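Chains Z and H, in that order, give the protein sequences.
Residue 110 is where the first sequence starts when you use my numbering, and the numbers rise one by one after that.
Residue 35 is where the second sequence starts when you use my numbering, and the numbers rise one by one after that.
Hints listed in this document are in silico derivations from the structure and should not be mistaken for laboratory results.
Careful: at least some of the hints might be erroneous.
Only part of the chain Z face toward chain H is listed, based on derived beta-carbon distances under 10 Å [said to hold, decoys possible]:
no. : residue
1   : S566
2   : S569
3   : E571
4   : Q574
5   : Y582
6   : G585
7   : I587
8   : D592
9   : Q594
10  : A612
11  : I616
12  : G618
13  : Q770
All of these numbers come straight from a predicted model, not from anything done at the bench.
C-beta atoms are modelled at their ideal positions from N, C-alpha and C, and glycine is treated no differently.
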Amino acid sequence: MNPGLGKAWPSLRLALSNRWPRGQISLPRGRWLLWSALVTLLAGLLGLLIFLAHRYEVSALQSRLDAQANDLAASVHDSLMRNLRLFGALNPEQPTVWASQATDLLLQRPEMVRIEWRGEQMQLRLSQDAPGRSAPFGRLARAHSEADVKLSCSAALRFGTPTFSSSYFVLQEDGRGMELMDLCIPRKEAGVLTGYTVVSYSLGEILARGPGARLAQGQSLAFTDPDGTRLAIHGQLGEGGRQYTSRPLVDLPGNTLVLRLDTMQERPTLLPQPLTALVAALAAALSAVLTLLVRDMRRRQQVEQELADALAFRKAMENSLSTGLRARDLQGQITYVNPAFCRMVGFEAGELLLPGDAVPYWPPELAPTYKARQQDRYNNTAALRGGHESLFMRSDGTRFPVLIMEAPLINAQGKHTGWMSAVLDISEQKRAEELSRASQERLQAAARLAMVGEMASLLSHELNQPLAAIASYANGSINLLQDDQGRQAGAAPDHLHSDLLEALRRIGGQAERAGRVIRSVHDFVRRRDQRRESVPARDLVEAIMPLLALQARKLDVQLRIDLRADAPPVVCDRTMVEQVLLNLARNAMQAMQQDCEPLRELDLQVRPSSLNGRVWVEFSVSDVGHGINDEVARQLFTPFFTTKEEGMGLGLSLCRTVVEQHGGALHFQPRQPRGTTFKFTLPAGTGRLPP
Amino acid sequence: MKRSSNATVYLIDDDAGVRDALAWLLRSRRLLSEPFASAEAFVALIDRPGFEIREPACALLDVRMGALSGLALFERVVERGLLSTLPVIFLTGHADVPTAVDAVKRGAFDFFEKPFSDNALVDRIEAALQRSAQALGERDHAREVGVRLDSLTEREREIMQRIITGLANKQIADELSISVRTVEVHRARVFDKMLVKSAVELVNLLRAPDKT
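Okay, chain H solo, but in the shape it has when bound (with noise of 0.2 Å):
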């Protein structure tokens, strides 16, 4: 995982000696991370305009804090659509428990309870940077993917559309009443600004964006 060693833990608890030994027990697993004291701390980085996770990051949530709960520090997450990047686990007490699995059920990473004696909270941890890298990889791809899309014209798209349900030039001429060299030619440029070479890689572009 090329990404790892950029990784960051946030590690969101309002007392601060369960804040330092964790942040002590992930150095000692060379793992980065950034404390919060309190959930409207988070909320203030992630309401930040233009934040957004760039490198895999995961969050560490205690369940009962002060004023704003770990819960609605979770809802905050899902809100600004950073769960997919951000996977959270949720750290709990003995009477928290239902609320944290009710969470795991909405799309939280995983919870573990109080006190957590060995280190499968941070094989925990690392498995949910893990899915943070590939997401934020599926993100990029996306992301690039649109930029080339963005860039074909309209006729293009139309001739696109059709290469990828497997029409021949031929077909596609005769459905859209133009010429076979017409089609040819603008099949050229959508290859050229899909940067692929063939059909086939163009379906799979498409279709299945992490294999790049």
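The shape of chain Z in the complex, shown without the other chains (with noise of 0.2 Å):
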């Protein structure tokens, strides 16, 4: 039906792979079927009607016809029973006038060929032809027919009415034929049979009288018995075409005749005819509209797939991001999570989507802080942007640091509906950092042992030096000695004692040097006190704090500093105290490790003291661990003790002995209901050095 259709789709298909190169436009095979079922059921429903219109046209033509030929009939009747009454008039009492007025008669009428008046013994009296033509019967006896007069003539006597006799056909001289029918009409007088009257009609010039004249172009007209055989025949038929035909009755009393209307009509053709040309409008409408419906699927699918496209391709980049996507409600439900976050936290999507308060992937511990946090962030939108850290639980328990960058959902319509955060597993990271940190902290402390080891060998020649001279001179003076008391009376006394003497002073000179080397050491001990300085307490708490809040969360300890506002700056080499915090810290976190505790927490307090009239500041680490036994309380500051594997035994010992030097104090004692406090004061600074 549309042939422009079938060829869009290959250039439609090609248009759009090329598009998408992926994309795959086809119609699946059940529509391409509907498709065709609907072009054939229109196509056909057009041709149905078409044809409908068609025979709708012939039969009008018909009926028209049958009309005409209706009428036609009806007038060969009507002029046939109208001449029933010219007969009454004929008086066969005279002959002449008889004759005279049969003469009128058959002038008059030119369809009757012959009048007869026959005796009451249908035996003929009176007989007129019809001037001007040749004898009916000429050739042929009146007796050929007698048959046929007498049955009608009876027929009428028996029913008292004028009775028309069947057909016959007579041969004339010319070699012609002519059919001919009689009418018999029974004359009484007084109500006895006087005679009848016969006439005899040709049906030729029935046909060419009457109706004939009242026939178009191209019509013909014919009487014809009851098996189709034409009688008599008026008119030329035309050519090319249709044949029409009617054959209405012309029913005579005694005698039936079938008139037959013949015609040849063009066949009606299709457009000019009103129905058939608007049911061709109709159906080029209907095609132009199901070509705008198909254009309009088609683009309408272009469109879906384009989106379809889209949404695919968003989906796939969804799910192979490696970072986690959450949605909140402004309820805080989670309404949305993609398969990476899935995969982080190890929960199904289903489960995170519950609704319900619980958070499955939130630390059980953490649950409460996590959702004061997260009120706080909300209510507060500026704070969103740099994103934070926090530690999530997957479906196994275990725990992992995140990343978290969150920002407003808005809808299309530009509202705030909810919370979209996108979560980056930074445990990696995090291990990385703490591996390169933890290398970085074992570098600097074999650097530093390094520099012990050359220092000490240093030392240890400087001192050698010495020690071994003096131990040269004590040895030779054994030996002159030896050699003295072997002899036994002195051969040279003298020489001996001024050896000795030699010696012995000599040893004091070497002793002397080797004092000098140990105060230069402790010279150089001394030359740190002069780099003391005035520190805010503050400043020493968060020098250490990217140290504690690292070793704090990998071993899931809380850090809680307490840092009094009050507290005045100290006075101290800040490297050193800095060293001893984060020892103490470190032990702190330490012993919590050795058994399980629920809640592992670090108390780290800063506050202002006085004692003997002088300002200090008390700093006191605080854990919640098993505490201290008196076995190892007693050896806690020995150095090279140490509860530890690989512990060398010198950070508590270096802790007091540093904050010794500041002129403090370090002590430890128990902590209600469990755990260790230790506490270390330092000189509160004045704005000038101590002595």
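Relying on the hints, combine the two individually framed chains into one complex.
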């Protein structure tokens, strides 16, 4: 029906395939079937309409023809019946009158070819042929048709009405023939039959005189007998086109004739006929609408495909992301998570989207904190930008650090509907960070050790020299004295005396040299004292915070820093004091590690205190570990005493030395209900360095 | 040990106190010492043309010294071929022990860690001097035999080779295609020049030089 449609598909497909390299546009098999069914049905419907319209045209023609034929038949009938009256005027009593009357009649009515008057026994009395034409019974005797005449006359007598006979063929003298039909009218006078008037009609003349004039061009009119044989014909049938036929009956008393009207009519053309044209126009409109519909559908399909592709692309993008995505509505209920997020936390999307307050990937002990924090963040959107770190829990209970970037979720109508978060698993990053920091610390420790080793080597060399000399003098002196004893009476006692004196003097000199070495070391240590400065307590704590936080996260310890605002600055060797704080905090965290504390908390407090009229700053580090038993407590500050596998046993003793060098004191006490508190004091700064 | 009276101990240490103290200690054991304040000073001595060890001697070397370390000086001694007649004893601080051990493996006589407290060092010095004396003896003997060998003619040397391997005069004559008589004359002359009386003595002289 629409060839353009079929042609359009390949080009469309090409265009789409260019545009979407991976997208596939093809109608499903079922849809193709539907389309072709629709087209077939429409074509069938239209064909049927045209066919019916045509049929209607044909039947209209036929009925017009039938009407005309009936008209003609009626006129034939009427004229024949009308003629009956004329015959009453014939007077057979006077043969001459009768003859002239009959001749007049025959002249008036050319369809009549002969009028007879017969007696009551059918014997012919009078007859008159139509003038101006040859006698119809010239060639064949009237006797041939006598049976028909008698039959009709007896019927007429019986019914008392004029009766027609059946038609018969009469050869003429000119070789042609003529179909004749007789009419018999019985004549009664005072109820007594006097005779019969018999009139012979020529069927051909009936056609020619009566309805023949009313025939249209190309129509032919004929009388036929019931089996279709033409008896008489008038008019010439046209050529070409289709033949239409109508056969009305002319019902005459005693005989029934079939009038056959034929016409050749051009086949009704399709379009010019208004109905057909209307149907065609409708069909065209329908096709146009259908085409438009198809085109619209195609566009829609294309848009749908584009949309589907875009959606698939989005989906693929979301699914391939390694960043977890999470959307929450304004109530904090999760409304969307991507697969990366599910993988990260090890929960199914369905479990995460369950309504309810509990968030399955929050560590239970931190959930209240998180909830409060989340509310804070949502109240202060400006703080969201930077992202924050948090600790999540996988479905198997393991914890891992994440970086969360959150942003308000604004829908297409510009309405704030929730919060969108990107979640990054940063455990690898943290691990790397820790590793690098740990290795750096190890490196520093190694470097420090190497330096110490180098110093020890130098020191031992410096000390060994005088010691070696002293030993040599001493041994030499012993040798001399032994020799002298061996000789008994000293051969040269003065010589020996001066030798020994010299040796002893030199021993003294070397001992003094060793002393100088020791003093120089002491001086080196003393020089560090000069590096003391006034430092705000906050700076000290903040300097070690990154390291502390790192370790706290690693060991799963909560840090609580309590720094009194009125804490004065501290006069100290900053590096050393930081080391002391770090050492104590680390010890505390490790103490909580040894047994599984449900809540590991480290308290670091800084507050001012006063003792002996001076202002001090007191630092305390408290844990909730297992405490320190008496045996350990006794040796706690002894150098090289340690309870740790990898410890050197120098930490605490060093701490105490440093604190005491600053003039402060380091001590510890058990904490209630459990744990230990280490406290140390440092002099508060007065803006001037202590002596 | 007849030569020990003339034995010399070279003290090489950049620390004057240690040097003096060691000299004093050695003097108390009647040993002569010659102090050097640096490795360079000692190198100057051994690099002097015609220098060789004539009397038993040993060197006491501090591992850690200024520009030229004790170890470098030791290398120098080895290079000069003096090590056999000049045993080297290292003095080390605590940290240099591995260096000293390494040196001992490469031919140093011994090492001592400072501070050394008793006469063990002096005992080892005496042992080193003894080694030196022995080496000197061997060296002198080898020189003596060399002088004697040099005086032999080509033919006499050929015949001496065969005497040492234990051939009879007759066999030597056959081998060299000369008469037995000629061999006897050459043989007598070899014994004469080598200052020996028998073939056995000759073999001993050439093989074990220290028995003189």
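Going down the list of hints, with the structure as the test:
| no. | hint | verdict |
| --- | --- | --- |
| 1 | S566 | holds, 4 Å |
| 2 | S569 | holds, 5 Å |
| 3 | E571 | holds, 9 Å |
| 4 | Q574 | holds, 5 Å |
| 5 | Y582 | holds, 5 Å |
| 6 | G585 | holds, 4 Å |
| 7 | I587 | holds, 8 Å |
| 8 | D592 | holds, 7 Å |
| 9 | Q594 | violated, 13 Å |
| 10 | A612 | holds, 6 Å |
| 11 | I616 | holds, 9 Å |
| 12 | G618 | holds, 7 Å |
| 13 | Q770 | violated, 29 Å |
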